[in-house]
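So the sequences go chain by chain: A, B and C.
Per my numbering, residue 1 is the first one in the first sequence, and the count goes up by one each step.
Per my numbering, residue 1 is the first one in the second sequence, and the count goes up by one each step.
Per my numbering, residue 1 is the first one in the third sequence, and the count goes up by one each step.
No lab work stands behind these hints, which were simulated from the structure alone.
Small disclaimer: the values here were computed from a predicted structure and weren't measured.
Think about it this way: if two alpha-carbon atoms lie no more than 25 Å apart in a straight line, the pair counts; the simulated BS3-like pairs of lysine-lysine are: (1) Lys34(A) <-> Lys63(C); (2) Lys74(A) <-> Lys162(C); (3) Lys393(B) <-> Lys271(C).
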Amino acid sequence: MEQLITCINCPIGCRMTVDVEDGKVVSVTGNSCKRGITYAAQESIAPKRMVTAVVYVRGSRMPLSVKTSEPIAKKLIFPCMQAIKALMLEAPICMGDVVLRDVCGSGVDVVATKSIGTVPLTPEQA
Amino acid sequence: MLRCDSGNERYGALEGKRVHTEILVIGGGLIGCAVARELSRLAVDITLIERTEDVAEGASKANSGIVHAGFDAKPGSLKAKYNVEGNRRFAAYCQEVHAPYVPSGAMVLAFDQEQRQHLESLLSQGIQNGVEGLRIIENAEILALEPNTNPAVQCALLAPSSGLASPYELTCALADHAAVNGVRFLFDTQAIRLQKRENGFLVTTNHGEITATILVNCAGLFSAELHNQISTHKLSIMPRKGEYYLLDHEEKPVFSRTMFQTPTKMGKGVLVSPTGHKTMLLGPTAQQVEDALDVATTAEALASIREKAAMTWPHMSLRTNITTFAGIRAHEAGDDFIVGATMDAPGAYEAIGIESPGLTAAPAIANALYTQIAQEHSYACKQAWKPAPDLPKAFSAMNLEERAQAYARDPAYGNIVCRCEQVTEAEIRSAIHRPVGARHVDGIKRRTRAGMGRCQGGFCSPRVMEILAEELQIPMLEITKFGGQSRMLTDSLNPSIKEDKGHV
Amino acid sequence: MCDAVSPQKVDVLIIGAGPAGLAAAIAAKEAGAESLLVLEREDEMGGILRQCIHNGFGLHRFKVELTGPEYAQRDVLRVHELGIDVRCGVTVLDVTSDRLVTAISKQAGLTRYQAGAVILAMGCRERPRGALAIPGTRCAGIFSAGTAQKFINLEGYMPGKKVVILGSGDIGLIMARRMTLQGATVLACVEIMPYSSGLNRNIVQCLHDYDIPLLLSHTVVDIHGRERLTGVTIAQVDHQRQPITGTETYVECDTLLLSVGLIPENELSKKADVPMNQATQGAVVDDSLQTDVPGIFACGNVLHVHDLVDFVSAESFKAGKAAAAYARGERRKGKMIRVLDGEGVRGATPQRIGLPQTDDEPEPIQVLFRPACVYENAVVRVLDGQKEIHRVKRRILAPGEMADLTLSPKLLGALSGQDITIHIDASEGVCAWNS
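Starting from the given sequences, assemble the full structure and let the hints guide the process.
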């Protein structure tokens, strides 16, 4: 099966054609450098994305920003957002705290990217 | 429906009711507010109704803001009479209600012999109208006074008595003054039908009915329509759109006077003028439009402003353009103001066709209507007519000592909310608590200049909305740009706040 | 002169606690500035990073991908660790060329400072609709992309449901994804140029991932809606960026986000009579980030709009270090030469560099600039007067990505003393982009 992929490694943005058979890359064309091949392989077989969002925290005027601790499968983006939207959190929350474990069975946690209702972190905690 | 915490019942007070008032003023534009403010000298019950949710929402918020000298109007016309009279009173008038006024002077530029002849006729017309200080000046003097003028200019008519006002701030100030003297303001209240009754009128509005002994029609674009319901002498308003560019203030203003162009066969030309706030206006165009509420700008009109303004200002730069906007003038088919008693409707009065020089004429028009009504109905004056409420100096205009004193009075002066125009939290809060206070984002902008500057509210609008929500005790989702369905936000991320209140 | 408030003395005063101000403060402190004060108008440090909750920050500086708040937090921690005095909720009202700074806050009222050195780090603002003079009504529902970002990420409100985005800069692209993830429908991202000025990564991950069309060579020509926005008219543009009659399409939407460029916020700089550069709309600076007003330095987006916060931090470290030295009384000696924009180059910064003194090995100097258009296989050349002294090949240059060029110690040591010019030689490339 052929897939069209735009390379994201540099401003050229090569339009690559990737031929995938049985979950394996058979050929990549349209790339201008080696980085394109690596990217095309990963993007055509198991595309992953970081998800970032904000969550409402009870009693806080400002919402809390969160992220997946690692990229998750692209197809899990919307289910992950649904799970994040359903969260109802309480302060205090520290940057780095896990607010949702193993989101959508991805094995990846959702963590806070800022602190709410806490004293600033010490460098060791960061 | 919004409700208000101040003494005035501002919204929805009529719902399904019939109320009586002695004098009903229709229209909360500059003329309506000026008339209501004069009438508030009388010891009678006065109500002003306004279609939108604030004063100055029509032509009063979108015109050139020029206090014209009075050479332009045909001798003998009401425009000429009220213009010259209004011009003489204007500085004192603004001072009385604490509205800004800058005496600036104006020039009409002529680039050839034919235009020079036209200037000469303007000069004699002006003298006939009673305008003082007019004279024709030549190229060298023009460039000495206004060095950024096109050096190809031949001569100019210099009008020292021309000035700069802020039409929307003046309207707000007049409304406040009327309100402290007992005028009741009803917003979101549109006169739909006027009927003559024995000893007065019945006015049907979108919310309820009002009976009034005296009616004053200051309904601007809608004034002829209302007039025709009670008079056999038919009038017709032809809406005329005028579009503008508004440029940011610079350290050194490009022009210190209003620079007009001589009208030619090719058209009226555009003005290039500073405003009372040192920003700069280019425009207006004049297009006949069908829809009296069509304030959309158009690519064609904006292009024509650019082309024409470059004649006055050859090094024109629109790099600092803040916004473009349009206003609709209420041009009446007879091409003159109609001011006084409505024909064959005793008890009804009107100010119709108030287009340029309507701003300049406003003090004189209001005075004329007041005098006529007071005399014809022998109303007594109030024992004590209160002066206009004090309007503190803008933080941006204060010196260091004044700023220190302002902060000592109210620490909210220490919080700059609008960085472009240096507007403080204290000023925004007090704009909401003025007698006729701000109820939406644009209302704050007109009263304080927050959001009027180069970032156009990009930075301050979230904070302005929070203050509005706090002071009016309404949810953020109900904050509007200028009332009605002009909501700023659609949903909250807080799952306990219901989505989309009243928004289809 | 009014003396309502008598000025306090500080060595280095920094205006703004965004990424530029924080990095400058850290460097100034580390370089030995004793009394150091940072004034920030918002209630928290971090500047625009506070609302940039997406990831992708810090790869150059920290070798990890961070979100905006996480990147800012690293500097905030260091600032705390160094005991730097940062005052939030303070707006600077005036700066004079003698470095007298007037500020006001709700907590402390008016305060004035006489600073040994001032670092301007006020950042930039978004161009509003007026800058483009887009015709139409002035209804609710038109926001700059950054304002919408603030509403969602810092205030927790959605500004709309059906969205068109004008401008395909990175903020516009990021907001396309952000609005989509939060439940809005983004109908199109409209770009007047034939190429996007955003990163390919963002085009793929913010538009392609969500099937949001990118309409190149298109613009919004009319805005409709009396109260709230009801729709926009989009049209194709020709090579002169003029709308082509007959290509107009009406798109029903309730929100228009504008991502049409950033402008350094130099109102205070102008009050201090700091000379400006037309191309960057920021101050003219030398290689130590000092402006033409002695003792006043500028760094970050107030100097020139950056793409990467990592480069903002790097630039600001230099400014902080130099400001600390200035406050100690150290003055630069020797001749300054100008760095000029040649063909295809816009806003080369710094605009002046000091010729190295004989006794010490000069530090390399990085010159940043924006290519005027897209070039493939271009050659960037440095001319000393008329003579070419350096050339580098670049596979790709685009206006959306700030280009850099390093002048090595050897190169600097050999300069003749004439002004230098940076050129892009486009003989092999084309001033177009057909992506």
